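Participant: The residues making up each chain are set out below.
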Amino acid sequence: MKDEKNNFNNVEQKVQKFFLKQAESLKAGKDLWSKLEPRLDEKPKNTEPGKTKGRFWQWLAGPRLIAISSSVAVVLILVVAGSLWLTNNNAANSRTLAQSDKSNIVWGFNGSGGPVSTATYPPQIIPQTTIVATTTTMPSAAVLGAVGSTSNGVYYAAIPNAAGKQVISQASISLEVSNVSTAITQVETLAQNLGGSVDNMSSSGAQNQQQANVTIRVPANQFLTALNQLQSMGTVESQNINSQDVTQQYIDLQAQLNSAQLEEQSLQSILAKATTVSDEIAIQQQLTQVIAQVENLQGQINYMQNQVAMSTIAVNLNTPAQNVGQAPSGTLSVAVSNVDNSLASVKQLVSGVNGIINSSTVSFNDGKESAYLSLQVYTANFDQVMNAIGKYGKIEQKTIQESGTTQSSGTQQSNSPPNANIYLSLTEATGFWTPTHITIVAAGSAILAILIIVLIVAGRAGLLRRRSA
Amino acid sequence: MIEQQTVMTENDMVRRCQAGDREAFRAVVEKYQNILYGTAYLMTGNRTTAEDHVQEAFLAAWKNISSFRTGYPLKPWLVRILVNKVISYQRANANTMISLDTNLAADPAGDDPAEEIARRDQLKRVMQCLSNEQRQVVLLRYFAGLSVAETAAALGRRQGTIKSQTYRALEQLKDLIEDDNRQ
Chain A
2 MKDEKNNFNN VEQKVQKFFL KQAESLKAGK DLWSKLEPRL DEKPKNTEPG
52 KTKGRFWQWL AGPRLIAISS SVAVVLILVV AGSLWLTNNN AANSRTLAQS
102 DKSNIVWGFN GSGGPVSTAT YPPQIIPQTT IVATTTTMPS AAVLGAVGST
152 SNGVYYAAIP NAAGKQVISQ ASISLEVSNV STAITQVETL AQNLGGSVDN
202 MSSSGAQNQQ QANVTIRVPA NQFLTALNQL QSMGTVESQN INSQDVTQQY
252 IDLQAQLNSA QLEEQSLQSI LAKATTVSDE IAIQQQLTQV IAQVENLQGQ
302 INYMQNQVAM STIAVNLNTP AQNVGQAPSG TLSVAVSNVD NSLASVKQLV
352 SGVNGIINSS TVSFNDGKES AYLSLQVYTA NFDQVMNAIG KYGKIEQKTI
402 QESGTTQSSG TQQSNSPPNA NIYLSLTEAT GFWTPTHITI VAAGSAILAI
452 LIIVLIVAGR AGLLRRRSA
Chain B
8 MIEQQTVMTE NDMVRRCQAG DREAFRAVVE KYQNILYGTA YLMTGNRTTA
58 EDHVQEAFLA AWKNISSFRT GYPLKPWLVR ILVNKVISYQ RANANTMISL
108 DTNLAADPAG DDPAEEIARR DQLKRVMQCL SNEQRQVVLL RYFAGLSVAE
158 TAAALGRRQG TIKSQTYRAL EQLKDLIEDD NRQ
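The listed protein sequences correspond, in order, to chains A and B. Each residue of the first sequence is one higher than the last, beginning at 2 in the numbering used here. Each residue of the second sequence is one higher than the last, beginning at 8 in the numbering used here.
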């Protein structure tokens, strides 16, 4: 140890000696002062580092600048990625719905007339139920009709055909037109123009109170075009769109058909080799069954293909005269603190006045819960129900369409169903700070904080210290 | 006693410089110009650049002499300013490598050309066997005569770093200098 120290000192002395020797030959020019003196009055080009206002920028320069800008970039990327993710997630939800099977469709069927909720509730299957736009306001009656009810009580959800899927699309639309006869012709023309046909047509009633039901079939890719054109033909009273994903069934049928065809071929070859009449008869019987099965399966597949290829739209046409004296209807959008509780209260309220919940759906968008309900109550209870629901939270939108006269069914009678429609939207009253936003901002801040801490620690450890005063 | 007198003198010089006395500053320049020039030269390997750096360092010192705290030695402060100038320049020019060989070759020979060539050759080998950081430490410690703390302050490194860099540099120089002595 001592030797080592002595060695070190020896080397140190030698190095010192070496540099002293160098110093003898390294001398500044004698005219240094004469060159320097005239410059003493100059303003300095660069003030001494660490003593001036440039200190911050010097501190910032180099690795610190890189670290800070990287942190900011990471946070920005997180925020942008989060926003994109949110957008895509919403879009994906819509797509999921578009491709969803009928069992996942929000709007249900109420045949009995009793209070029924057919909705996708509880919300476990919510990701597939985000059908209604993310707006917090209740859609207008006409728009709501797109996911609403028909007079015959069938409810559908909107689904365009999806690529690569076997989807059967159906829709029903109820239109109020000034002239039903003209409208029938228009519907027929529309179907033909789009490469479709009229499947069924019936009309009834006198000139001023005429009503017609026209069922048309249009190519699946013209489905939405047809609907759009139909909507422009009159006032939409209700409109329902439904699509059923039959991809799995189609694949199953196809597999069964292949199997049956193979069996048929096999039996044919066995039959050809049969030597005895009894064998031939037995095989022939089996073959007959298999051929029937093949034909049956082929028929089902053809039907399915046809249904997939051609969408069905049931158009109900009626004149405004029919609507005289109709029950009131209203749309109500309420921002509530707890959607589930409010939903339960609404159900209880409607049930209490012998009303019907045609449909209810709960959806989550961006962590925000919303419920959409289609109610029918007796006219006598209409105002009471509207007011009671309005007290659940902050009314964001309220529209009431009153009738001139009240029909007999407006009063509570045992043999007539409630007929005053209420379209209700319950949305969660939250601000910008949804859980997703909070998570993104918190994650970004945490990363930024960690980076800054690492930076400070690194700076203190001398890793990033500038070699300046 | 002599050391105390030196400090006193230096303090006086500083005070006079702070009062704007150019003659006092001239005394400072004359006292430290060689050490600064040598340091700059050994860092850059170029006489002209070294002279420029020395001039800039003295100018900066003159402009900032009012902020200098009397009672402290002047040399480390001046060396620190110079080192900052040189390092900033080298960073700006992305030329941190010493090029003693080419520059020394252009130097005019001294009284004894053979000895001068041998000296340059030895200097070149010593400088080349050290890393840039080691070279700075060795120069400040053994050429400029700064303490570990002063070197650390001048280079913006920790004292421990300076010590370890010094140790490693000396380890590398050990064989080289012994070899040179044998020659």
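It should be emphasised that the hints constitute simulated quantities derived from the structure, not laboratory data. Small disclaimer: the values here were computed from a predicted structure and weren't measured. In this text, a Cβ means the ideal position worked out from N, Cα and C, and glycines have one as well. Treat the hints with care, as some may be off.
Stated by the list, open to error - EDC-like mimics (lysine to aspartate or glutamate), calculated; alpha carbons at most 16 Å apart, straight line: (1) Lys15/A <-> Glu37/B; (2) Lys70/B <-> Asp32/A; (3) Lys36/A <-> Glu37/B; (4) Lys31/A <-> Glu17/B; (5) Lys38/B <-> Asp32/A; (6) Lys38/B <-> Glu25/A; (7) Lys82/B <-> Glu140/B.
Stated by the list, open to error - According to the in silico footprint, chain A covers these stretches of chain B (three or more CB under 8 Å from chain A): (8) 43-49; (9) 63-73.
Participant: Does Lys38/B pair with Asp32/A here, judged by a C-alpha cut-off of 16 Å?
Facilitator: holds, 14 Å
Participant: Regarding the pair Lys38/B and Glu25/A, is the alpha-carbon distance no greater than 16 Å?
Facilitator: Roughly 15 Å between the alpha carbons, so the hint for Lys38/B and Glu25/A holds.
Participant: When you check the alpha-carbon spacing of Lys36/A and Glu37/B, does it fall within 16 Å?
Facilitator: Holds - the C-alpha atoms of Glu37/B and Lys36/A are around 13 Å apart, at most 16 Å.
Participant: Examine the region 63-73 of chain B for residues whose CB is less than 8 Å from any CB of chain A, and state whether their number is three or more.
Facilitator: Held - the region 63-73 of chain B has 7 residues with a Cβ nearer than 8 Å to chain A, which meets the minimum of three.
Participant: When you check the alpha-carbon spacing of Lys82/B and Glu140/B, does it fall within 16 Å?
Facilitator: Since the Cα atoms of Lys82/B and Glu140/B sit roughly 21 Å apart, the hinted pair is violated (cutoff 16 Å).
Participant: For the pair we were handed, Lys31/A and Glu17/B, check the Cα-Cα distance against 16 Å.
Facilitator: violated, 22 Å
Participant: Is the hinted pair Lys70/B and Asp32/A satisfied, with a Cα-Cα distance of at most 16 Å?
Facilitator: violated, 21 Å
Participant: Per the coverage rule (Cβ-Cβ under 8 Å, at least three residues), is the region 43-49 of chain B covered by chain A?
Facilitator: n = 5 at 8 Å, threshold three: holds.
Participant: Given the proposed pairing of Lys15/A with Glu37/B, does the C-alpha separation stay at or below 16 Å?
Facilitator: violated, 28 Å
The structure fails to meet hints 1, 2, 4 and 7 from the earlier list, while all remaining hints are met.
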